[in-house]
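Sequence order for the protein chains is A and B. For any residue, its number in the working numbering is found by taking its place in the first sequence, counting from 1, and adding 13. For any residue, its number in the working numbering is found by taking its place in the second sequence, counting from 1, and adding 13.
These are computed hints drawn from the structure, not numbers from a lab. Any given hint could be a false lead.
Where chains are identical, the list cannot tell them apart; a pair therefore holds if satisfied intra-copy or between any two copies.
Within a straight-line C-alpha distance of at most 30 Å, the following computed DSSO-like cross-link-like pairs (lysine-lysine) qualify [said to hold, decoys possible]:
| hint | residue 1 | residue 2 |
| --- | --- | --- |
| 1 | K166 | K19 |
| 2 | K38 | K311 |
| 3 | K202 | K333 |
| 4 | K166 | K340 |
| 5 | K202 | K305 |
| 6 | K311 | K56 |
| 7 | K202 | K344 |
2 protein chains.
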Amino acid sequence: MQRKGKAAKNAAAVLANVNSLIKDKALSLIADSLESNEEEILKANEIDLKHLEQSEGYSKAFHDRLMLTPERIKGMADGLREIVDLADPVGEVTKMWRRPNGLQIGQVRVPLGVVAIVYEARPNVTVDAAGLALKSGNAVVLRGSSEAINSNKALVKVIRTSLEEAALPADAAVLIESTERSVVQELMKANDYIDVLIPRGGPSLIRAVIENSTVPVIQTGAGNCHTYVDCQADLKMAEAIAVNAKVQRPGVCNAMETLLVHEDIAAAFLPNVITALVKEGVEVRGCTETQKYHTAVKPASEEDWATEYLDLVLAVKVVKNLEEAIKHINKFGTKHSEAIVTDNYHTAIYFVDNIDAAAVYVNASTRFTDGAEFGLGAELGISTQKIHARGPMGLEALTTQKYIVYGEGQIRQ
Amino acid sequence: MQRKGKAAKNAAAVLANVNSLIKDKALSLIADSLESNEEEILKANEIDLKHLEQSEGYSKAFHDRLMLTPERIKGMADGLREIVDLADPVGEVTKMWRRPNGLQIGQVRVPLGVVAIVYEARPNVTVDAAGLALKSGNAVVLRGSSEAINSNKALVKVIRTSLEEAALPADAAVLIESTERSVVQELMKANDYIDVLIPRGGPSLIRAVIENSTVPVIQTGAGNCHTYVDCQADLKMAEAIAVNAKVQRPGVCNAMETLLVHEDIAAAFLPNVITALVKEGVEVRGCTETQKYHTAVKPASEEDWATEYLDLVLAVKVVKNLEEAIKHINKFGTKHSEAIVTDNYHTAIYFVDNIDAAAVYVNASTRFTDGAEFGLGAELGISTQKIHARGPMGLEALTTQKYIVYGEGQIRQ
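Just chain A, same shape as in the assembly:
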């Protein structure tokens, strides 16, 4: 591990000052090489899939996440080609000013250095993370799940070979091949080699990293997202947004988990929206008030307000007013994505100002919290912490700034 960390650190120093043309060339080479090595990658993936089929951890959903196909390999390659088209954040002087003594002081965007990522059994993350890190001038240390180890080895081999072809250090992308848990412990303490650690995966992994890491962490977290329908709202719009936020892809972090409804429009809104949700296969769990409006509603317990179902289940609560909605969201929400549907200007402004979350929506589905949907290009995850990066993490989140100071001999008085 230490040897690999050191190698990545050295590669990062080279990568920091490589210009975009060379980084883009490497990204294109990797993309092409993924496609031309399709057979070898699929063979490695098959070994992982066979192991999974024989293991206790098998589930259809897990199998689907782990599985690669020619289309999925093409998808990863195309993802890299999209990164080529994004602007290089490195070298951007975000501000520059002149002081009374003539000093010119500016801030320039530079890579973080070495970014480590610990992630679940999704081989596409290996390629996405390597691509984003490369474009932003960082070396990446990849520690994928043991279930994907053969797929990851095959993918990283392609990446490293392409890096060398582009005359870049292969160690700009390093795979930790040991699947021992102790390796993650080591990563968390490797302050000399790793500048930031991004854990992706279940809450227990993320909690363990936050509790034990001495390396700075960017937390990508759970999404217990809400939509609040105000008493002054276009109910057709509200219904379309609520159904979309719940059912368009229920298994992801920006899907709605609780619907809050102002009591004044509960009677006009709830019967229709619940019927529409039930039609889409959603199980609705509601407060006592909600239960009055539809026979399909099961009773919700206190626990439901705090649950991220990631499934076709929805909690529904009738609230007295905007204040109660905001209080509920700030209490049970995970500071991910929160929406209001309203026609009232003042209500919209007040909601946006008072909700503490990575993304606050007026009259739109929370499902848009996503790097591509926001127009940032690819993303490495969605940060739910407040420091450094918040919301979808694109290329900029993988940079820091340094002050540059140009003088003509100034000394301090």
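Got chain A sorted already, so can you dock chain B onto it with the hints?
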């Protein structure tokens, strides 16, 4: 502690949406009130000073840092008045754009929430931190050194009373009065109440916080700063910069600790600069080569390159070229402030690009790394980490951003 943390969290929710006029009024009230309560504050400070005089930790420098005087109280009050004059960072929409589907997506600056600071026996930090936190809409949890407890109590009493007079929650500034070490342990684990923890003080405190904190930390670190004098340099300018960086205030983190000199100008530069430094009372420790140029030079050991003297001591090394200088700095430096003196355009650019530090200087003294000198106003410390904030931390470093998304019913396809 938990009770106080909760109180601060509640105050933070109020403060987040208070407009600048009210925050500025509170800052002015605190400033005036510090001056009108001068007698009470000095009395409390005297108790601390007496305790110190009777303790083993006594030193003249410590006594001086702890001591308050009418002028110093006026200085603290004036510091707050300067914060009034700074622009409020909260509410600034730093970017906003429209997506093809019509969604308007922006990023707005918002307070972090609750900022905790653990600091040394400097009562002025109590007032500076409270002032910066208030202006940026954050609640602050203050844990000063036990030696300053009476001074801090008196200061925080004034701050809290003034907050209430301005109709703001007193709990926007909370002093942890217990001087038990276990309180710091508690602060480090208080993720429910504290959004960011800033340790100020010696390396052992900072290391302990980095190793144990589950709350995100902003590291304010040591400064082993260098000045490199290139073979093409104005040697008069180089001498002025080197002397200034070393002697203008040797006890602070942006003072120079090692001078690197290109071998081609060593003979022309070193005798003069060493004479000038010695005249200012500096002890010079040099490499074998340096020792040839002045009889006052003592031999430097490997340890000297890694030492932050914070005193009138300087390490000097002759290097073969720019590459060796950069390698030395990136190996021994603490990523704080690094300078080059050169007349050569290419050398300047190369140095700036390849030095990994919070601030990189061309032809100026490293002593300028400071919030006020950079034009940021007051500062809460100088971050030497890469994530979130790097360099002098002013008001912006105490904010995060949230995405705001304005729609007209958009749903995801």
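A quick look at each hint next to the structure:
no., hint, verdict
1, K166 with K19, "within (20 Å within a copy, 48 Å between copies)"
2, K38 with K311, "neither (56 Å within a copy, 52 Å between copies)"
3, K202 with K333, "neither (49 Å within a copy, 35 Å between copies)"
4, K166 with K340, "neither (48 Å within a copy, 33 Å between copies)"
5, K202 with K305, "neither (54 Å within a copy, 43 Å between copies)"
6, K311 with K56, "neither (47 Å within a copy, 65 Å between copies)"
7, K202 with K344, "between (33 Å within a copy, 20 Å between copies)"
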